[in-house]
Amino acid sequence: MTLPLLRLENVDKVFVKKTMMGKKSYIHAVRGITLDIQRGEALGIVGESGCGKSTLASLIIRLETLTRGKIILDGTDVTSLKEKDLRPLRRFVQIVFQDPYSSLSPRMTVEEILTEPLKIMTKLSKAEMHAKVTALLELVGMNASCLDRYPHEFSGGQRQRISIARALTTEPEILILDEPTSALDVSVQAQVLNLLNDLRQKLHLTYIFISHNLAVVKYISDRTAVMYAGQIVELGPSEKIMLEPLHPYTRELIAALPAVGKKLKPLTKAADMTENVAQERGCPYQNRCPLVDLRCKSERPPLAQFEPGHFLACWGVTKS
Amino acid sequence: MTFTERALKILKYNRLTAIGAGIVLLVILVGVFAPVIAPYDPNVIDVPHRLGAPALKHLFGTDEMGRDIFTRVLYGCRISVSVGIAIVCVSAFFGILFGSISGYAGGKVDNVIMSISDMVLSFPSMVLALALTASLGLGLFNTMLAVSIVKIPVYVRLVRGQVLSLKQRQYVKAARTFGAPPFWIIWKHIIPNSLTPIMVQMTLGLGDAILMAASMSFIGLGAQPPTPEWGAMVNSARAYAIDQWWYAAFPGLSILVTVVGFNLLGDGIRDILDPKSKQG
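Protein chains in written order, with the working numbering: chain A, 1 to 320; chain B, 321 to 600.
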């Protein structure tokens with residue numbers, strides 16, 4: 001087996017919040033995530049709001065420091081690197097954020113926005129930067145006339161294209177897409193998703209695609225990880241996850257997908273992070289799970305291989 | 321709407337802003353062209369005509385040395401406006417510096433800077449400026465220094481707040497993901513995006529700075545005679561306030577009009593720079 005491009009080992013993130021009385025409250029946003037991402041693959045991460053998927057993205061890109069665990073990028077352990085030593089590695093992993101309105105500085109022209117990473121990371125001349133930025137804009141389906149305009153002159157979809165171009169300026173290997181389309185209209189969503197698929201083929205990128213929308217994730221990704229309350233509960237090929245979901249939570253998510261002519265059944269009560277603080281013991285999904293039994297209340301199920309390539313963290317589902 | 325369009329619209333529909341802008345423009349022009357407009361030399365003594373009432377020859381009358389008050393008020397513009405601008409620039413500069421360090425670094429650095437600035441803020445600013453000038457020594461320069469120091473915390477608080485909120489913006493986070501060092505983020509992202517409130521605060525602060533500097537001179541700590549500073553002029557006019565009203569009235573009125581002008585303009589600039597605020 002080849003070395004994974006990115007490996008997460010038992011990654012934990014605990015946010016500590018000091019209350020007024022000097023007491024500390026803990027929010028366990030990401031717990032015990034172990035994940036291998038192979039070069040060239042697209043991994044989708046789905047889960048409801050607050051399940052820790054965006055925190056996971058911030059951890060990978062090192063906007064947050066991890067509480068426990070390791071991140072290994074292409075064989076190098078980057079977990080304990082200081083910001084200064086991390087800098088040369090930053091160009092390999094880039095991110096596109098969800099909100100196209102706040103991810104571009106309103107006081108900079110598109111050219112300034114796109115050349116910013118180059119100015120920080122490279123020593124290219126002005127002309128070289130200009131050429132590079134023009135080429136990138138064309139790559140994301142926009143033309144060079146946009147360069148001296150400001151972000152507020154563009155639509156959400158166009159801004160997202162600019163964000164993607166900015167993330168690509170440093171020629172990253174891994175692109176994290178943190179809900180890149182969820183702020184866009186459906187028609188624009190499709191265009192951006194197609195663009196992302198094209199770019200992946202042209203530039204041989206590795207994607208980590210985060211979304212709450214299973215359909216979108218399936219369109220982009222080869223493998224899908226389903227997250228619940230900071231943990232991965234199911235991981236497998238996207239087709240499998242969509243067609244033969246195993247974990248009761250995945251099933252519930254898929255049942256909640258809207259389709260024409262289908263009456264929607266709302267999800268049972270959404271779990272928020274404050275609730276799962278109380279549930280340090282047992283399976284995080286126990287309160288909502290139809291298959292719950294005694295073992296689920298006392299022991300946390302590990303993510304274990306169920307079939308080749310298909311992993312599951314559940315006591316209730318057994319091979320039939 | 322571009323900045324200029326919005327500015328013109330506000331000047332057209334908001335009379336107070338227009339009046340403020342007019343006053344400020346007038347004060348600045350007068351300050352710049354004082355030597356050209358002024359009919360006399362501000363320091364030439366003419367004892368036979370001392371304490372003369374306003375007349376065609378001396379529009380605002382003369383003082384106890386026979387100097388032309390109109391001339392001295394014109395020259396006073398120069399001093400007051402430049403003193404005000406200097407104070408505001410110095411305090412804004414240090415305010416931006418400490419405020420952005422405080423907001424960006426957080427933790428202990430933030431605690432120390434904010435504690436000091438809270439201490440300064442909790443003092444009546446006039447008393448503190450007095451104490452500082454007293455320890456630095458008399459004179460216009462030391463007064464300016466003292467008032468600037470007293471005004472720094474206002475900007476520190478303002479900038480720190482901006483930094484804290486801008487730090488959460490995704491474009492700042494994006495800059496961090498390509499390894500932008502802190503000074504880059506502060507210089508390229510945080511300062512340009514917090515310029516609006518800083519500019520408003522500076523314009524509003526100008527009136528206040530002029531008033532404080534004049535007050536210090538009035539007390540006798542700031543500009544020393546024979547400098548034609550408004551506050552100092554009102555001070556030397558105290559003895560004649562009852563019989564020669566014009567002596568104190570014209571420099572006093574100049575302070576009033578100038579301060580009101582800058583405050584009105586400051587309010588207007590806030591409306592121009594913030595498209596969301598009402599434009600009526």
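Note that these hints are calculated values from the structure, not bench results. Do not take every clue at face value.
[Unchecked claim] The calculated lysine-lysine pairs, modelled on DSSO-like cross-linking and capped at a C-alpha distance of 27 Å, are: (1) A:70 x B:329; (2) A:84 x B:428; (3) A:18 x B:377; (4) B:332 x A:84; (5) A:84 x A:24; (6) B:493 x A:17; (7) A:17 x A:70; (8) B:329 x A:24; (9) B:377 x A:119; (10) B:377 x A:82; (11) A:82 x B:493.
Fair warning: this is a prediction, and the values are worked out from it, not measured in the lab.
To see whether the hints hold, each was checked on the structure:
no.	hint	in the structure
1	A:70 x B:329	violated, 58 Å
2	A:84 x B:428	holds, 22 Å
3	A:18 x B:377	violated, 73 Å
4	B:332 x A:84	violated, 53 Å
5	A:84 x A:24	violated, 31 Å
6	B:493 x A:17	holds, 21 Å
7	A:17 x A:70	holds, 23 Å
8	B:329 x A:24	violated, 52 Å
9	B:377 x A:119	violated, 65 Å
10	B:377 x A:82	violated, 76 Å
11	A:82 x B:493	holds, 17 Å
When each numbered hint is compared with the structure, violations occur for hints 1, 3, 4, 5, 8, 9, 10.
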